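Student: Sequences are here, hints too, so could you generate the full structure?
The lines below spell out each chain.
There are 2 protein chains.
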Amino acid sequence: MIDKLIEKIQMTGAPIVVGLDPMMRFVPDSIKKTAFAEKGETLEGAAEAIWLYNKELIDKIYDLIPAVKPQIAMYEQFGIPGLAVFKRTVDYCKEKGLVVIGDIKRGDIGSTSAAYAAAHLGRVQVGGSLCTAFDEDFVTVNPYLGSDGVQPFIDVCREEKKGIFVLVKTSNPSSGEFQDRMVRTGDTTGNAGGITFSDKTLYEIVGMKVAEWGEQLMGQKGYSAVGAVVGATYPDQGKVLRKVMPHAFILVPGYGAQGASGKDLIHFFDENRLGAIVNSSRGIIAAYQSEKYSQFGAENFADASRQAVLDMIADIDQAFAGVGR
Amino acid sequence: MIDKLIEKIQMTGAPIVVGLDPMMRFVPDSIKKTAFAEKGETLEGAAEAIWLYNKELIDKIYDLIPAVKPQIAMYEQFGIPGLAVFKRTVDYCKEKGLVVIGDIKRGDIGSTSAAYAAAHLGRVQVGGSLCTAFDEDFVTVNPYLGSDGVQPFIDVCREEKKGIFVLVKTSNPSSGEFQDRMVRTGDTTGNAGGITFSDKTLYEIVGMKVAEWGEQLMGQKGYSAVGAVVGATYPDQGKVLRKVMPHAFILVPGYGAQGASGKDLIHFFDENRLGAIVNSSRGIIAAYQSEKYSQFGAENFADASRQAVLDMIADIDQAFAGVGR
Chain A
1 MIDKLIEKIQ MTGAPIVVGL DPMMRFVPDS IKKTAFAEKG ETLEGAAEAI WLYNKELIDK
61 IYDLIPAVKP QIAMYEQFGI PGLAVFKRTV DYCKEKGLVV IGDIKRGDIG STSAAYAAAH
121 LGRVQVGGSL CTAFDEDFVT VNPYLGSDGV QPFIDVCREE KKGIFVLVKT SNPSSGEFQD
181 RMVRTGDTTG NAGGITFSDK TLYEIVGMKV AEWGEQLMGQ KGYSAVGAVV GATYPDQGKV
241 LRKVMPHAFI LVPGYGAQGA SGKDLIHFFD ENRLGAIVNS SRGIIAAYQS EKYSQFGAEN
301 FADASRQAVL DMIADIDQAF AGVGR
Chain B
326 MIDKLIEKIQ MTGAPIVVGL DPMMRFVPDS IKKTAFAEKG ETLEGAAEAI WLYNKELIDK
386 IYDLIPAVKP QIAMYEQFGI PGLAVFKRTV DYCKEKGLVV IGDIKRGDIG STSAAYAAAH
446 LGRVQVGGSL CTAFDEDFVT VNPYLGSDGV QPFIDVCREE KKGIFVLVKT SNPSSGEFQD
506 RMVRTGDTTG NAGGITFSDK TLYEIVGMKV AEWGEQLMGQ KGYSAVGAVV GATYPDQGKV
566 LRKVMPHAFI LVPGYGAQGA SGKDLIHFFD ENRLGAIVNS SRGIIAAYQS EKYSQFGAEN
626 FADASRQAVL DMIADIDQAF AGVGR
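If you read the protein sequences in the order shown, they are chains A and B.
Everything in the first sequence is counted per my numbering, starting at 1 for the first residue and increasing by one.
Everything in the second sequence is counted per my numbering, starting at 326 for the first residue and increasing by one.
Don't read these hints as lab results, they were simulated from the structure.
Mixed in with the good hints, there may be bad ones.
[Unchecked claim] Straight-line C-alpha distance at most 20 Å; calculated SDA-like pairs for lysine to any residue: (1) B:K358 / A:G128; (2) B:K364 / A:Q125; (3) A:K8 / A:K239.
[Claimed, not checked] Chain B side only, calculated, beta carbon under 7 Å to chain A, not exhaustive: (4) K364; (5) E366; (6) A371; (7) Q396; (8) A440; (9) Y469; (10) G471; (11) S499; (12) S500; (13) M507; (14) I591; (15) H592.
Computed from a predicted model, the values in this text were never measured in an experiment.
The beta-carbon is built from N, C-alpha and C at its ideal position, and this holds for glycine as well.
Tutor: Written as structure tokens, this is what we have:
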């Protein structure tokens with residue numbers, strides 16, 4: 001699947017992924033009106049509104065981009081009807097040829113991680129049948145529980161030819177609270193077998209583990225199916241991590257609404273404009289609500305989103321041009 | 326809600342929580358047969374089997390225990406029908422007067438954590454209505470993203486009188502991979518304002534944060550609605566963390582099937598047998614499959630579970646007696 005993602009990035013010339021993180025306040029009133037008229041101001045009504053919004057959006061932008069990243073929390077808050085629309089969105093995007101990264105940030109102990117992996121990337125045995133639950137192509141994984149929480153995802157990825165992105169350095173303001181902590185690492189030195197300590201940050205330690213885990217799932221194009229999440233809001237850390245994890249594809253949130261721009265992204269990529277995929281969520285899906293795209297109006301929200309995708313591609317192209325790539 | 330949990334623990338004399346983590350292989354064949362006959366070997370069939378199994382179990386043990394902890398992964402793997410049974414289980418347990426701890430281990434950046442908090446502890450606005458999605462009493466939260474990922478849960482807890490348990494030191498074998506790392510902490514010393522470094526483990530650092538977050542939500546009985554998860558499999562770390570977080574109620578997984586026994590638990594509690602609640606999952610719900618309770622047989626699986634609950638209470642009582650509490 002990592003090879004397919006890379007092919008799609010090369011085909012579209014767009015190392016970007018659109019975050020399908022719908023909030024009710026992004027959905028144009030006309031869509032809400034239709035949905036609520038049919039299903040009421042209920043979880044079902046909210047889910048229907050999100051589905052109509054997603055579908056119009058996907059139809060308008062799918063040809064420009066390699067991948068989408070639905071954030072499951074935004075669907076989970078609408079309960080069972082919301083999660084049914086998450087699944088419907090995953091299926092619809094796959095029908096349209098998009099790679100689907102489920103932003104689920106799951107992670108637990110062994111057998112429980114195995115259940116999450118089965119839920120989102122694999123299959124589950126029911127009597128004599130194998131059934132699929134959500135069936136994304138990639139998911140995001142939280143590493144706090146260590147290798148035995150991550151390995152079950154890797155095992156399912158091997159079997160199903162899928163992939164994961166492990167949280168390493170997240171884009172939010174307080175990500176450094178734990179992730180930036182200086183951690184003691186014991187490196188043995190040559191002289192007399194003594195031990196010196198060369199400190200590393202926790203995110204580097206996690207990054208080193210991602211590199212190690214990734215060796216199990218190398219693709220054909222130089223990258224592993226075990227990738228990493230590193231926020232665009234921390235370009236310096238991105239530069240470090242690009243070297244720590246040379247074969248990890250990096251999913252980069254934080255572009256646009258969270259404050260990062262094209263020039264912050266360069267160090268996440270390799271010499272061939274590969275190695276990273278940049279996410280934008282509200283900057284694309286709610287573009288019509290920003291001043292820059294307000295001329296489109298709510299009724300043409302998806303056209304505004306299309307223009308925002310084109311502008312994002314151009315911004316990244318320009319950043320590449322600036323460093324001669 | 327933390328006060329209600331404490332009252333229920335005192336009322337039942339049982340500082341235990343039963344993990345409702347159903348795996349298909351725990352479900353007796355007769356139940357599977359009934360469910361598959363009605364709904365096929367499908368996600369719906371699996372979900373129905375789990376529901377029948379859960380209901381019989383809950384009916385048999387609810388009077389002995391203060392709380393249950395359904396593990397959402399075990400339901401999520403059966404997709405939408407599975408999650409509908411998760412919700413049905415939550416509702417049924419609350420009807421029976423049980424406190425429900427949703428073991429969801431969610432955690433994300435600000436607005437996304439807010440959506441998870443709304444999904445599981447709060448309400449969500451749909452037009453002019455407020456709707457509830459899953460509505461547990463407590464949930465477990467992953468701290469890797471730092472304060473701005475946790476605060477939205479705390480905000481919803483304040484509003485809805487609910488609570489969280491933050492992962493601090495998990496029960497799995499590789500939990501130490503990141504959680505036990507020695508982290509540099511700068512404590513200023515008295516002399517000349519110089520800085521010395523007194524190292525702490527990452528789990529202690531997270532524990533200190535839990536204590537700090539907890540100050541916002543102190544209950545009437547000496548404990549905060551911000552609790553912590555610390556594995557019974559690490560009793561020494563539990564001893565340290567009990568002191569680091571004096572007002573955090575500790576949810577303790579790892580008893581029974583994962584290897585810990587009553588005597589490992591003592592240091593998680595305070596002098597009044599409070600301050601902790603011990604989880605057992607398969608040791609209770611699949612008791613009939615163990616040699617100790619095999620005489621019950623699959624048809625009486627719920628009676629075996631009831632006996633296992635009684636034995637667990639006795640084991641913990643004995644451990645308290647051993648230290649004169």
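Student: Now look at each hint and say whether the structure bears it out.
Tutor: Cross-check of the supplied hints:
{"no.": "1", "hint": "B:K358 / A:G128", "in the structure": "holds, 12 Å"}
{"no.": "2", "hint": "B:K364 / A:Q125", "in the structure": "holds, 15 Å"}
{"no.": "3", "hint": "A:K8 / A:K239", "in the structure": "violated, 24 Å"}
{"no.": "4", "hint": "K364", "in the structure": "violated, 10 Å"}
{"no.": "5", "hint": "E366", "in the structure": "holds, 4 Å"}
{"no.": "6", "hint": "A371", "in the structure": "holds, 4 Å"}
{"no.": "7", "hint": "Q396", "in the structure": "holds, 6 Å"}
{"no.": "8", "hint": "A440", "in the structure": "holds, 4 Å"}
{"no.": "9", "hint": "Y469", "in the structure": "holds, 4 Å"}
{"no.": "10", "hint": "G471", "in the structure": "holds, 3 Å"}
{"no.": "11", "hint": "S499", "in the structure": "holds, 3 Å"}
{"no.": "12", "hint": "S500", "in the structure": "holds, 6 Å"}
{"no.": "13", "hint": "M507", "in the structure": "holds, 4 Å"}
{"no.": "14", "hint": "I591", "in the structure": "violated, 23 Å"}
{"no.": "15", "hint": "H592", "in the structure": "violated, 22 Å"}
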